[in-house]
Amino acid sequence: MLTRKQHELLTFINRRLAEDGISPSFDEMKEALGLKSKSGIHRLITGLEERGFIRRLPHRARALEVMRSPDETAFNGQPSPGFVPNVIKGDFSSALPGAAVAATMETTQLPLYGRIAAGTPIEALRDSSAFIDVPGSLLSRGEHYALEVDGDSMTDAGILDGDTVIIQRCDTAENGSIVVALVDNNEATLKRLRRKGDSIALEPANPAFETRIFGPDRVKVQGRLVGLLRRY
Numbered sequence: 255m256l257t258r259k260q261h262e263l264l265t266f267i268n269r270r271l272a273e274d275g276i277s278p279s280f281d282e283m284k285e286a287l288g289l290k291s292k293s294g295i296h297r298l299i300t301g302l303e304e305r306g307f308i309r310r311l312p313h314r315a316r317a318l319e320v321m322r323s324p325d326e327t328a329f330n331g332q333p334s335p336g337f338v339p340n341v342i343k344g345d346f347s348s349a350l351p352g353a354a355v356a357a358t359m360e361t362t363q364l365p366l367y368g369r370i371a372a373g374t375p376i377e378a379l380r381d382s383s384a385f386i387d388v389p390g391s392l393l394s395r396g397e398h399y400a401l402e403v404d405g406d407s408m409t410d411a412g413i414l415d416g417d418t419v420i421i422q423r424c425d426t427a428e429n430g431s432i433v434v435a436l437v438d439n440n441e442a443t444l445k446r447l448r449r450k451g452d453s454i455a456l457e458p459a460n461p462a463f464e465t466r467i468f469g470p471d472r473v474k475v476q477g478r479l480v481g482l483l484r485r486y
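Basically our numbering = 1-based index in the sequence shown + 254.
Among the clues, some could well be false.
As the list claims (entries may be wrong) - Distance windows between CB atoms, simulated:
id: 1; residue 1: GLY416; residue 2: GLY469; range: 50 to 58 Å
id: 2; residue 1: THR361; residue 2: THR426; range: 55 to 63 Å
id: 3; residue 1: LEU392; residue 2: GLU282; range: 40 to 48 Å
id: 4; residue 1: ARG449; residue 2: LEU271; range: 46 to 54 Å
id: 5; residue 1: GLU304; residue 2: ARG485; range: 16 to 24 Å
id: 6; residue 1: ASP415; residue 2: GLU282; range: 37 to 45 Å
To be verified - For lysine-lysine, the following BS3-like pairs were computed, each having C-alpha atoms within a straight-line distance of at most 30 Å:
id: 7; residue 1: LYS450; residue 2: LYS474
id: 8; residue 1: LYS259; residue 2: LYS284
id: 9; residue 1: LYS292; residue 2: LYS259
id: 10; residue 1: LYS292; residue 2: LYS474
id: 11; residue 1: LYS290; residue 2: LYS259
No lab work stands behind these hints, which were simulated from the structure alone. In this text, a Cβ means the ideal position worked out from N, Cα and C, and glycines have one as well.
Can you make the complete structure from the sequences, with help from the hints?
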């Protein structure tokens, strides 16, 4: 069962594929559905993919495949002909108060660009096909993205290998901030930023790793750490 907006989007994608053979862009989807931001389209696409109605084709931009026709489903709470729901009723009157809070917590979908080294810098990854749901409480103003940490050089700052860090996109940061730093335009690393005279130091938070010092023209700030997600 789909929501009305999911059904509208599925119908729009299916029609465009039939007409042009190319799936519409996120901007075209946003305009067709009358949404204010592309983040809403990201959520709808993810919902359709999780329910098996569409499939994202890897390594191809704007590549969606409709797996189930819009005519095969229903929306807005109305079941398809012949559909018999199997509902298990539950009593949630004794649920913990926190459950209600968690259920109503708003989330925002952010692009997950890939893995970033918290040890030796690695080449920045930009996978525009992956997204992650993030609680709105972790976000501040402006544009954000997410990265998965690879390495253990920031463990004393509470950042572990496999964590997902939430980054506010910016090109400047205060001294002592943990930032995504782009070194020599092709390597990205997560470190604490220190300015010392005309030099920039990228400090780890693990005594097993050394601070690296660069000239000011070799380091560009790509964002500032504002949040962290961890799975146990």
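Verification of the hints:
1. Checked against the given bound of 50 to 58 Å, the beta carbons of GLY416 and GLY469, roughly 33 Å apart, lie outside it.
2. As the Cβ distance of THR361 to THR426 is approximately 28 Å, the hint placing it in 55 to 63 Å is violated.
3. For the hinted restraint 40 to 48 Å between LEU392 and GLU282, the CB-CB distance of approximately 30 Å leaves it violated.
4. Between ARG449 and LEU271 the beta carbons are some 52 Å apart, a value that agrees with the proposed interval 46 to 54 Å.
5. At about 18 Å, the beta-carbon gap between GLU304 and ARG485 stays in the expected band of 16 to 24 Å.
6. Our hint of 37 to 45 Å for ASP415 and GLU282 holds, since their Cβ atoms are close to 39 Å apart.
7. The suggested pairing of LYS450 with LYS474 holds, with an alpha-carbon distance near 15 Å, which does not exceed 30 Å.
8. Between LYS259 and LYS284 the alpha-carbon distance is near 11 Å, which keeps this suggested pair within the 30 Å criterion.
9. Between LYS292 and LYS259 the alpha-carbon distance is near 14 Å, which keeps this suggested pair within the 30 Å criterion.
10. Distance check on the hinted pair: LYS292 and LYS474 sit about 27 Å apart at the alpha-carbon level, within 30 Å; holds.
11. Between LYS290 and LYS259 the CA atoms are separated by roughly 13 Å; this keeps the pair inside 30 Å, and the hint holds.
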